[in-house]
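Participant: Dock chain B against the given chain A, drawing on the hints supplied.
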Amino acid sequence: MIKNISNLGDAALYCDFGTEVNKEINRNVINYFNNLRDSNFLGITNITPSYNKLVISFDLKLTSFAKLKKQIENLELKKINNSKNNLIEIPVCCAEEFALDIKRLQELLKINEAKIYEKFFSKNYYCYMTGFIAGMPFLGDMDKSLFAKRLETPRVKVPKNSIGITEQFCNIYTFESPGGWNIIGKTPVNIFDNKKNIEPNLINPGDTISFYPISKLEYEKKYE
Amino acid sequence: MKKNMNKNYFEVLRPGINSTFQDNGRNNFYHIGIPFSGAMDNRNFLLANTISNNEINNPVLEFAYQGPKLKYIGENISINVTGNVNFKIIRKKKNLEFSCYENIILENNDCLDILSTNRSVYGYLSIGGTFEVDYYLNSCSTNTKAKIGANSGEKLEKGQIIHLKNIKKILPKNKIEYLNSKIENIRIIKGPHFDYFSKNAIDSFFNDEFNVTKLSDRMGIRLKGPKISNIKNTNIKSEGLVKGVIQITADGDPIIMLSDHGTIGGYPKIGVVISADYDKLVQIPPGSKIKFKEINLKDAETIFKLYEMETQNLISNIK
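Protein chains in written order, with this note's numbering: chain A, 3 to 226; chain B, 5 to 323.
Looking at chain A on its own, in the form it has when it is part of the complex:
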């Protein structure tokens, strides 16, 4: 349930679902997101789900904070099957040239490389949200032994398709971008296809991701 709805400036609502990060709260956020997408309330221009918040922006020419707040409070939630809860398998190549921060992680976590990868690949990850840059999935939760801080100085350019980890989360850099997550490998799969006009992103909030390791040779083959 939404704990509180406040205004974010004069043209957006800020719905607070709590402070913790867990699947239960996040499923609630996504459920509201799907219901609001279905509701067609006048003036909504964007809805952004995240771990435990939902931000709704609107056209101030068409509606207002007070009007939309009332509509959302009175919204009757339906069970919507939009989130298909897909299981998506993503290959990752951990060759030295792609695993930019594996050495740093070994020192930081005091576990060897093989063990880091063993733990990383042994779990499935839940997609809490996508965004920041187009299609980037925020996935969790990592094994506790792999919780690592961000880089002190973020990279100016993280290569496209890099797999990064920080704290309880991992993600995939869908585009070359600045970023401070610890890079442990690279996937040959295009996560966001900017040629596709319908569903350009492969991973959606609510999906489950399973990473599996591939060799450099397989990586190169898949890229072709």
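Read the hints as simulated data drawn from the structure, not as lab findings. Keep in mind that a hint or two might mislead.
[Claimed, not checked] Capping the alpha-carbon separation at 20 Å, the derived lysine to any residue pairs in SDA-like fashion look like this: (1) 72(A) - 6(A); (2) 198(A) - 149(B); (3) 295(B) - 217(B); (4) 149(B) - 180(A); (5) 146(A) - 241(B); (6) 149(B) - 157(A); (7) 125(A) - 169(A); (8) 172(B) - 58(B); (9) 198(A) - 31(B); (10) 71(A) - 305(B); (11) 159(A) - 158(B); (12) 241(B) - 21(A); (13) 149(B) - 199(A); (14) 71(A) - 32(B); (15) 69(A) - 307(B); (16) 197(A) - 136(B); (17) 197(A) - 138(B); (18) 149(B) - 160(A); (19) 149(B) - 182(A); (20) 151(B) - 200(A); (21) 159(A) - 148(B); (22) 72(A) - 302(B); (23) 236(B) - 21(A); (24) 241(B) - 180(A); (25) 25(A) - 240(B); (26) 149(B) - 156(A); (27) 63(A) - 303(B); (28) 63(A) - 309(B); (29) 323(B) - 58(B); (30) 198(A) - 137(B); (31) 198(A) - 156(B); (32) 241(B) - 20(A); (33) 241(B) - 156(A); (34) 63(A) - 60(B); (35) 177(B) - 93(B).
[To be verified] Over the 12 Å line for every Cβ pair with chain A, so calculated as not near, a few chain B residues: (36) 179; (37) 217; (38) 293; (39) 297.
Since this is a predicted model, take the numbers as computed values, not measurements. Quick reminder that beta carbons are idealized off the backbone N, C-alpha and C, glycines included.
Facilitator: For chain B alone, coordinates are given in the frame of chain A:
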């Protein structure tokens, strides 16, 4: 060569610093990480299309600081430039001067040289017709980060050809007198993390001046001034952002989200710029100083109504 005779196009002799095609922007894709984009200065975008007698959402060419130099090949076409812009037309080796906000007839072989925006950032070129551009997710707005929209998601490049279509046969003579006023105080509404900052930090946020730095673009404006120190946490769990949000980075510097901003962010939000001040905010060039002033939601809504009325008045006065 013969084939080209019927075609109308611009050849890009100089691309300018950040010239992109824009329209009203892209709705409803924040949840997959695609920002709104669209023309930064909405009022000048609307005026450009209205002066051209175009549909309100027709693509325009937006430029920043130094605009493009374009050679025109084709039948006579009307164009207009909006913003606070210095430009000239070179016709048969003669320099012709014109004003913004009026339709001008371009002739075959004319060269349109958009020299600079004057004490401002963005300007717009609209034509009596349509730039032939690609659309992606219902908008032609170029987003150079996700490489989507017109021009394969890229800025204009030297030597490229911009094809034009639907050239208006009756050339409109519309114009309007309009002066872009400057703004010194940016009005904001408190953000959800206002209480992350000490009383001293809040005091200096509202009483001191901030410098607009060169690290400002379509994604955001980075400010330098007194450090806004945090008493709770310099990071939050990442959550949705909107245009105008002011985040305070871990270094204590404010950064204002603009049209191409990342859709989610992990810094505390001290405030949000009111919608009515957005067009003027984006036009503040690096090197300028700004001050923030807090207002409440009700006043912000009233000010927006007035701003919108003013825009509509301007549009209806175009003849």
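Participant: Can you give the numbers of the hints that this structure goes against, from lowest to highest?
Facilitator: none
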